[in-house]
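K.L.:
Chains as they are written, first to last, in the working numbering: chain A, 1 to 276; chain B, 1 to 276; chain C, 1 to 276.
Hints may contain errors.
Since the list can't tell identical chains apart, any single copy or any two copies may satisfy a pair.
Once the Cα atoms are required to be at most 30 Å apart in a straight line, the calculated DSSO-like pairs of lysine-lysine come out as [to be verified]:
id	residue 1	residue 2
1	Lys170	Lys60
2	Lys170	Lys123
3	Lys107	Lys123
4	Lys60	Lys123
5	Lys60	Lys107
These aren't lab readings, by the way, just hints derived from the structure by calculation.
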Amino acid sequence: MMITLTTDFGLDDPYVGVMKGVMLSIAPEAQLVDLSHAVPAQDVRTAAYVVYAAQPYFPKGTVHLAVIDPGVGTERLPIAIQTAQALFVGPDNGLFTYVMEDAAHWKATTLSNPEYHLAHVSKVFHGRDIFAPAAAHLSIGLDLDRLGDPVENPVRLPLPYLVPGRQELKGEVLHIDRFGNVVTSVGRLRWNGEDLILDPAFRADPAHEIRFASHTATVEIAGRTVHGIQPTYGTVEIGEMMALVGSTGFLELAVRQGSAARRLDVRPGAAVIVRT
Amino acid sequence: MMITLTTDFGLDDPYVGVMKGVMLSIAPEAQLVDLSHAVPAQDVRTAAYVVYAAQPYFPKGTVHLAVIDPGVGTERLPIAIQTAQALFVGPDNGLFTYVMEDAAHWKATTLSNPEYHLAHVSKVFHGRDIFAPAAAHLSIGLDLDRLGDPVENPVRLPLPYLVPGRQELKGEVLHIDRFGNVVTSVGRLRWNGEDLILDPAFRADPAHEIRFASHTATVEIAGRTVHGIQPTYGTVEIGEMMALVGSTGFLELAVRQGSAARRLDVRPGAAVIVRT
Amino acid sequence: MMITLTTDFGLDDPYVGVMKGVMLSIAPEAQLVDLSHAVPAQDVRTAAYVVYAAQPYFPKGTVHLAVIDPGVGTERLPIAIQTAQALFVGPDNGLFTYVMEDAAHWKATTLSNPEYHLAHVSKVFHGRDIFAPAAAHLSIGLDLDRLGDPVENPVRLPLPYLVPGRQELKGEVLHIDRFGNVVTSVGRLRWNGEDLILDPAFRADPAHEIRFASHTATVEIAGRTVHGIQPTYGTVEIGEMMALVGSTGFLELAVRQGSAARRLDVRPGAAVIVRT
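The shape of chain A in the complex, shown without the other chains:
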């Protein structure tokens, strides 16, 4: 009965509101939650991260609708995916790469059954005409298989670059948030006393688990070296750069009460090396 929304539509125009009207016409009791409507235009990779990072915090069976859809009206398929945790609806362009990698099992289907489309399907707004109705029907218990035909190989983005080693972990910048915090692919990390344990995301081989000391680790990025991995923002001086474990378990660079992204002048894809 819960549906989240992630788009690049912004909130200035009524496009998001209209999708909600369509969903509530089908599922009047649905709880609708916005994840982000400020995904950069057509930035599938950012949206994939947003959905992946948020979905563990929603109840089992939540439907996640993501409409970043540069290919609307072309041959790209509309799809829905089911994992043990949640359901996902959107265009087949890689949006669900990370959640599929993270799931032990999943199945996918096209949204080809016109019974679950709006009566009139435009060629320019499948968010409203195809995706929103599918999400709403799933939220009230429609079986995934009813929506269309099985999809064996949904489109996938390359996984975030991460080479975990005993001495050195190599990764890349994954995401920059609105505070200017620089989220990297070095994760997921968890604290074990003063040590950190890396359980490489999307690489489900426990042999990869690596343990290292937070105090002696260094992080190299954009020609700078940051010493130590801090427990939280308040442990360095205002304006000081630090490395820490962010809220989703990935290594972050941050400046206390400032912007690490601006200080470092980095973008997604920039190289990061942790020496352990």
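Using the hints provided, position chains B and C relative to the given structure of chain A.
P.N.:
For chains B and C alone, coordinates are given in the frame of chain A:
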């Protein structure tokens, strides 16, 4: 039980949240959906388009609350309007022009009955003190007539300029969305194979229906000529200007992965001619 | 069953959506209302005003969650506060100063009981791991005392500067809204015919009540003098500066269809004098 909100309040201040608090105090089960709170300050015409374009996608009986209210505290009336499809609440300044034109029948009333106001009515925020309570009461089934006295002639804006002809359709720019898509008054258009059928919006005379070929039509705007009307965004090259039928059935100018509004340097009111 | 949210997280990232997911996992029927997510980064004083100004318009028993939390992961306590009107959840950094001052009675508790935390508590996002769960549990009726231990003296900000006198009321700029309206600490004011009655906010001594004529009063701010206090925006010419009683009962400076803040070039804290 559903209420939409359209304002020029933005979301930085708690004004919208406060209106929601008032509505949920009266109608605790209401589903509240934001259409837009980024209507340009006091731009009644844009808000009228937002409500008109969104309302067909909501369940019958939805209440649409619109507060663009430069005349708050002056003589302008607060009103509610009922059509076969929906209910509308806001100041009597033209906000509901398009939905009234579109409806076969409507009736309107003032919001003069103090029983449905907040206990204390300020002179500066009728959105909170008069409009939100009226919308909430309507959403739980209050009869329109209970709110006040009948209004025969609510204020109306001039209709969007549109001169439909066999050889030539003359219109104007109606709206520019946040992607820079230029929505014109040439609509509503629907596809019939490769032809388009114009059923002039707000001019309910079927004799006006005009059919023309999408391939050979040309669109003139801001000194440029665009050839053909495309089915969707993906049919031209990245960066190319195109004409297409937008998601609400009006002719749009768009640049694939770019901004047509910036390229054309047009504003609402600019002339558009389609040669059929 | 109603929970409001006030943060400095913005809506670009999914942080707010994630907190909602956590709350709806615990309280699936909760009505969630955003007050503002555009509080300037770490501006506790602005958030305190937002929550104080909005809370009277929500049903009794509403839970107000506020996460402006520069001290996350440090020694600052997480707290919840209960008044006769509402419940409040957030870090103990002064966020609830105004609502405590306004309430005849309140009690406060820490959020130290791990039973009401997420299973894994990070050091960087207590909004998700501690505050959101507490708010959700309170919204479904959990007793305040169950959350932790009593707090005798929550952190308080200095109250807004206000020296009420018979001839002269001295105050300061409290808040600037997105329209550029300048809200001052001179309040709360109510109309009594053409007179105004000041009932000094947070200073619950009826002896302080002062009555003065709106027509003859003058307001001095930033080297300017504004004559008279107007009932509403529409009573002066477009572009003209005016003083009026704003929607929350505080004296405001406004420019009709313009920005008083820009015209006056003032910031919170600037001095205001009303000569009565």
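K.L.:
Hints first: check each against the structure and report whether it holds.
P.N.:
Hints and how they fare:
1. Lys170 - Lys60: neither (33 Å within a copy, 53 Å between copies)
2. Lys170 - Lys123: For lysine 170 and lysine 123, only the inter-copy Cα distance (24 Å) is at most 30 Å; the intra-copy one is 43 Å.
3. Lys107 - Lys123: Only inside one copy: lysine 107 and lysine 123 sit 27 Å apart there, 35 Å across copies, limit 30 Å.
4. Lys60 - Lys123: Intra 33 Å, inter 25 Å, cutoff 30 Å: inter-copy only.
5. Lys60 - Lys107: Answer is within; shortest intra-copy Cα gap is 16 Å, inter-copy 36 Å.
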